[in-house]
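Chains A and B, in that order, give the protein sequences. Numbered as in our numbering, the first sequence ends at 201 without a single skipped number. Numbered as in our numbering, the second sequence ends at 201 without a single skipped number.
Heads up, a few of these hints could be off.
Unchecked claim - Which chain B residues face chain A? A few, computed with CB under 7 Å, are given here:
| hint | residue |
| --- | --- |
| 1 | Ile7 |
| 2 | Leu35 |
| 3 | Phe51 |
| 4 | Arg54 |
| 5 | Glu118 |
| 6 | Ala122 |
| 7 | Glu124 |
| 8 | Leu138 |
| 9 | Phe158 |
| 10 | Ser162 |
Hints are computed from structural coordinates only; laboratory data are not their basis. Note that beta-carbon positions come from the ideal geometry of N, C-alpha and C, so glycine has one too.
There are 2 protein chains.
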Amino acid sequence: MAGSRKIELTEALALGSEWRHMCFAILYAPDPRMLFGRIPLRYAVLMEMRFDGRLGFPGGFVNSQKRTLEDGLNRELLTKLGEAASAFSVERTEYRNSHAEDTTHVVAHFYAKRLTLEQLEAVEAGAPKAKDHGLEVLGLVRVPLYTLRDGVGGLPAFLENSFIGAAREVLLEALRDLELVEPGSVLNFKRHSFRQPSLNS
Amino acid sequence: MAGSRKIELTEALALGSEWRHMCFAILYAPDPRMLFGRIPLRYAVLMEMRFDGRLGFPGGFVNSQKRTLEDGLNRELLTKLGEAASAFSVERTEYRNSHAEDTTHVVAHFYAKRLTLEQLEAVEAGAPKAKDHGLEVLGLVRVPLYTLRDGVGGLPAFLENSFIGAAREVLLEALRDLELVEPGSVLNFKRHSFRQPSLNS
């Protein structure tokens, strides 16, 4: 979100009715497997390719006058991800942070929900049958949490993709704070600003 | 592919045994739906998020000594995409072009396969059960072929993502040559080299 600022939830909930609220969920699950038999995957973390060609988290607008943020988020997840999202529900305790954009009067609330790998796989399997598939949602992808030997492939290359709003920053914070990557490793990525010219030439 | 050059198929097949061959398929299907009720989707075109955090086409290494390129490609599609790939087979007539990289002695052959939307949806639905899912393949996404009113969202933003090797160039050529986008519109994207700073800040 261009020009967004972090705000407290209480402050966000006190914003006037000219503000619209969005809620998004970082869905993740422990994955014990190894890539190529030697690189620990650690966790499966889901993001979605959006209709606008950018990566973001599943979720959407919530009518905060009519229902709680979490009720609205769980409804959005059903629309965006399909029936497998009814196997769990995102709660207030899983709230992480909020980002407000003053120019558009949109405030985005982020949650992180830990699933079992089976629940997360069910979300992936069911997503192509969701109402918004092929329209607002172009597909789900897992985030590679490792860095390959070349120092670029994996999470660093993934972070060079286009993200919507605060999604990239929220992802990095969640990876660090939930310890989905090894402590300290995300700080290094934050300083990266390389872009391999050959990749987009 | 950094430093890759286009070569003719006959030239590629005459390369010495120190060269390794890869084959990839652009799977696409007509999609008559409208985004937001007003933006024609035209086609669903599949790409995959790879283990290295970059977008590419499904496929992989082929032992060109043991079998034809197309046999090898169809085997790779089964591993990467699962059983739904057995409902069709990519043929020599669907070959498009080859890109050779002299430094690594790897030559990549690209094919474009037109499916029905039902076949493509079956590939998406089956992909999470494929052998490589969550390992070498992190998810399938459709390419947005339209441009939103802001002139950035849609295909332009998608093209700002990280791609592997010649995948971005191959995608653009296929969109133009197969007329998956309106004639002339891809040429404009080729000149784009913007990058919204806010997206990755």
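Each hint tested on the structure:
1. Ile7: violated (18 Å)
2. Leu35: holds (6 Å)
3. Phe51: Given a least distance of 6 Å, the restraint on Phe51(B) holds.
4. Arg54: holds (5 Å)
5. Glu118: Violated, because the Cβ-Cβ distance from Glu118(B) to chain A comes to roughly 12 Å (cut-off 7 Å).
6. Ala122: violated (9 Å)
7. Glu124: Cβ of Glu124(B) sits 4 Å from chain A, so the hint holds.
8. Leu138: With Cβ-Cβ at 4 Å, under 7 Å, it holds.
9. Phe158: Holds - the Cβ of Phe158(B) comes within 7 Å of chain A, reaching about 3 Å at its closest.
10. Ser162: Holds. Min distance 5 Å.
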